[in-house]
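Kindly produce the complete structure, drawing on both the sequences and the hints.
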Amino acid sequence: MEGIVFGQYVPGSSLLHRLDPRTKIIVSAILLWLVFVVETPAEFTAYGLFILFLYIIGGVAGSFLKVMKPGLFLIIITLVLNMFFTPGETMFSIGPVPVSRTGLENGLILGLKIVYLILLSSLVTLVTSPVRMTDGLEQLMKPFKRVGLPASELAMMINIALRFIPTFWEETDKIIKAQKSRGADFESWHLQKRAKYMTALLVPLFVSSFRKADELAMAMESRGYVVGMERTSLHKLEFRPLDFLVLALTVTITGAFVMYKYF
Amino acid sequence: MSIEIKNVSYVYSKGTPFARQAIKGVNLRAARGEWLAVMGPTGSGKSTMLQHLNGLLKPDSGEVLLDDKNIHSSAASLREARQKVGLVFQYPEHQLFGATVYEEIAYAPENYGCSPDEIPELVQRAMDTVGLGYDRYKSRQPYELSGGEKRRVALAGVLAALPEVIVLDEPTAGLDAVGRQLLTETITRLNRDRGITVIWVTHEITEIAHLAERLIVLNKGEVAIAGKTREVLANPMMSELGLDIPPAVAISRELGGRGVPVRGQPVTLDEIREEIIRLLKEKQ
Ligand SMILES: Nc1ncnc2c1ncn2[C@@H]1O[C@H](COP(=O)(O)OP(=O)(O)O)[C@@H](O)[C@H]1O
Ligand SMILES: [Mg+2]
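In the order they appear, the protein sequences are chains A and H. Residue numbers for the first sequence follow my numbering, so the first one is 185 and each next one is one higher. Residue numbers for the second sequence follow my numbering, so the first one is 286 and each next one is one higher.
Be aware that one or more of the hints could be misleading.
Covered stretches of chain A (chain H as the covering partner; in silico rule of three or more C-beta atoms under 8 Å from a C-beta of chain H) [unchecked claim]: (1) 339–348; (2) 367–381; (3) 387–401.
Derived from the structure by calculation, the hints contain no laboratory data. Don't be surprised by glycine CBs; every beta carbon is placed ideally from N, CA and C.
This is the structure in structure tokens:
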């Protein structure tokens, strides 16, 4: 349970940390879309190196492999599924099962795309504090308030959810340790026993989550939180020249790439 | 059973940007039947140290010995440590999950493989020890009990595995005066009558200053002071670390500072009263 939780914020002062969260959200949306545009091996390599480069300037290069780990599992699954179940020119056979060239290629491409998506979306959460992230989301969703989207409430919900992920892990860790102290063996292979151990974990976890939610609601109300009220924020978000530069660069480069590719 | 921590260090989240040294080079030894108190500011590593005692955490360096045997030497010795060292977490009532008090308390003996016909007696004895009437409470739901009762159920849940060392992490936090008294009495009985070794982490040393033979003070992950409880409490470093001392110790210190030497290092109000009476008589 210890260690980095998938995409947990790593405090820092890198270039990426200092960007406005709205810039990061918009740019990452464009970059995520780009993942579906790249095709050739050269493009894939270049894009992968670019993502690695982003991790390095964000000062979170150490998290690159950690974030990728769950992705590798997905790659293998997609690779295996595609290898065997796509018809086409047979490249080689594993035993009696023919492996097609297109299958192998498709599997590899799809797997890489998934990994790129994971890497890019994790990068945003790695270099943006949850509070600034929600402020950014709220600002971006504001125009949709007119059509009845509860922007501030949604942002608050996301903020609370993000805020409680570490608390939730801590609580899980504590309960696991307490039940282990009473002889529970969470690694047991005995299915029936394992089910019982899970009960001993999940019941207290639910109870504590409800208790925490209750306490939080009480604390928010006693500090004057009212749903639907207009609120100002302590730290105003501000686009700086750097943000404009990054946005302009992203749009220009992406635009040029798409033009070159399709026209 | 005797338990010993030798030169133990532990780092959380090793190899990540969140790495944090929680304890370093900590030593501690409790002989069979001894009562040891542990104090220290928040974040000084008390809970981390406790989790080494029954092998929940494995030391990065150093060793944990139960009756002079390293608990990490084999899977069996780790299992023995889990059972023989009963760890009562902070707010242990948060770990309750059973549909009935009986089921809750029977959990540990079941996990440790006690035979089904032994279990009712183990549960009954554990409930007696913590002062919960067996017939009255066994079928009740843990969640409908009061805070103090829940905590006693949780304690019974640990005691039912018949530990020989009992380790408690701030066990009186959040209890009312009656609950505190009851808990201290329960542990005192276990310690006196059954020779169970007690390691008790507390912020309120006044409750157990007269019960614990020795006191260990942690600060920033290291042992800052260790020794006989009365001597450690008299150490001026206690206040520097922002730790509470019993009123009797504060009064003795004050009297000493005004040139009235107090004898016998009193830690309870009764002791300091006797001492003041003696001093007054002496003066007359
Ligand atoms: N599960 C954990 N993961 C990471 N760091 C932890 C964890 N538990 C405790 N720590 C850190 O280790 C240090 C010691 O904590 P702890 O042993 O809980 O101290 P105490 O019980 O004396 O308050 C603290 O700095 C705390 O932040
Ligand atoms: Mg603690």
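For each hint, the structure was consulted:
no., hint, in the structure
1, 339–348, "violated (count 0)"
2, 367–381, "holds (count 3)"
3, 387–401, "holds (count 4)"
Comparing the model with each numbered hint stated earlier shows that hint 1 is the single one that does not hold.
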